[in-house]
Amino acid sequence: MRPAVAGMALGLALAVGVPTTWALTRPPAAAGAPVEQVLTAPAPPSAPPVPGVPVRDAAPLPVPDVVPPVRLEVPALGVDAPLEQAGVRPDGQMALPDDVGRAGWYRFGPAPGAPGSAVLAGHVDDAEQGLGALAPLREAEPGQEFLVTDAAGETTRWRVVSRELLDKRALPVDLLFGRTGPPRLTLVTCGGPFLPDVGGYRDNVVVVAEPAR
Amino acid sequence: MTRTRTLGIATVAGTGALLALGVAPASAADTATVSVLHAVPDTPVDVYANGERLIDDFRPGTLTDPLSLPAGSYDLALFPADAPDGSGTPLLSADGVAVPAGANATVVAHLSADGQPALTPFVNDTSAVPAGQGRVVVRHTAAAPAVDVRAGGQVIVPGLTNPDEAALEVPAGTVSADVVVAGTTTVAIGPADLAVTEGATTIVYAWGSEASGYELAVQTISGAHSAPSGVPGGTAGLADSAADTALPLPLIGLSALGLLGAGVAARRLATTRG
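Line order of the protein sequences matches chains A and B. In terms of my numbering, the first sequence has 120 at position 120, counting the first letter as 1, and numbering is strictly consecutive. In terms of my numbering, the second sequence has 57 at position 57, counting the first letter as 1, and numbering is strictly consecutive.
In isolation and in its complexed conformation, chain A is listed as follows (with noise of 0.2 Å):
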């Protein structure tokens, strides 16, 4: 009679215990602070007021020089990557590069270390090409360093702050692309259940860093 009660009980305990285990033990979708929190700008000191009207020369000026970035490093997940300047499709999503090799630097936004998001993003694979070169960004961790490396050979130090994946339709695009607050480095791929009708994945996996000090 014992040994049955103690099979039972060993048995119940494997059917619950083993799916509960491997549910508890899953990485998490999202690791720190969410990401619209982060990425939400204070509000701007008010100007003091100028004394008088300030004028300048209204001729026409050159177009200012920016230095884009052109290098990401996670060395804790292993990504190295090329960036290249990247636009808007004429869908009206960022474009990104062909090469799931290399991210593409949002370039009408700010650049990492101006004010306000800097977006990097990139394909998180492709069908011929394999899995990109941001797809370990899904486990990225608070904590972790980033480096971004611009085309002058100046490298910046980023820390994450956040990491979550979030629904496409729901995308908060505004907040990610922002361009006032503080700078912050917003990196961006794709995630979640992949849609085979759709022949695209549902979410975007965002992950959200801060100059590191």
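Think of the hints as simulated: they come from the structure by calculation, not from any bench. Idealized CB from N, CA, C, for every residue including glycine. Incorrect hints may have been included.
[As the list claims (entries may be wrong)] These stretches of chain B come out as covered by chain A in the derived footprint (C-beta under 8 Å, 3 or more residues): (1) 162-168; (2) 259-267.
[To be verified] Okay, the calculated bits of chain B under chain A, using three or more residues with CB under 8 Å as the criterion: (3) 128-137; (4) 225-237.
Assemble the complex: chain A is given as a structure, and chain B must be docked to it using the hints.
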């Protein structure tokens, strides 16, 4: 009746508040953003608004920063820069210039087509443009007949006359622009490299006169940007997280085994009891 009186009082209050120019506005709802461009050749001026000096020694070809002014009606007057005060006969004046709350406007002192000084308020379109685009506005404020505006040699604005404007949305970037006498290839201004800033309104003024020469002035108003509509991603399903959300097969087997074991044990228990 009451409403009319209220409006009347509001106008007076707006005018009175002008004395406090330079003081931070109470709120954006009752202020307007006004810039002033001086495009009358060879004539430095002082600018007065409702009798108060607003800009001292304002030079041709210069532009003020955007000023936040209480909405209302303004009497504007330009005096020679060496005039002691705003009394006497101004070079140029415009009374009752309406500055509605929330508006963004540029007041331009310039020459009319036949060379007479004129003061023209333009309302600036600062509405959002699609991501990747910039808005270009061209304004004819020169003592000249109709012109065509060209970009890269192609006419983009035909037959523009003083003091009219034309607006277009174009992909951001640098364009080589020039101004020609309408219907001809006779270049009047340029060519000049113009930066069409993404997400901004770039306003280009053609100004000057035949005697003093024709020039371009540029005013850029940022804040018209839009974000891209989304970020596309992979197409292969190699990083499918559904593979992670489903219990792996070996674990399903192990769990089922446990259930089977429990069933067998329960049966044995029942048999033993029976």
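Now the hints, each set against the structure:
| no. | hint | in the structure |
| --- | --- | --- |
| 1 | 162-168 | violated (count 0) |
| 2 | 259-267 | holds (count 8) |
| 3 | 128-137 | holds (count 3) |
| 4 | 225-237 | holds (count 12) |
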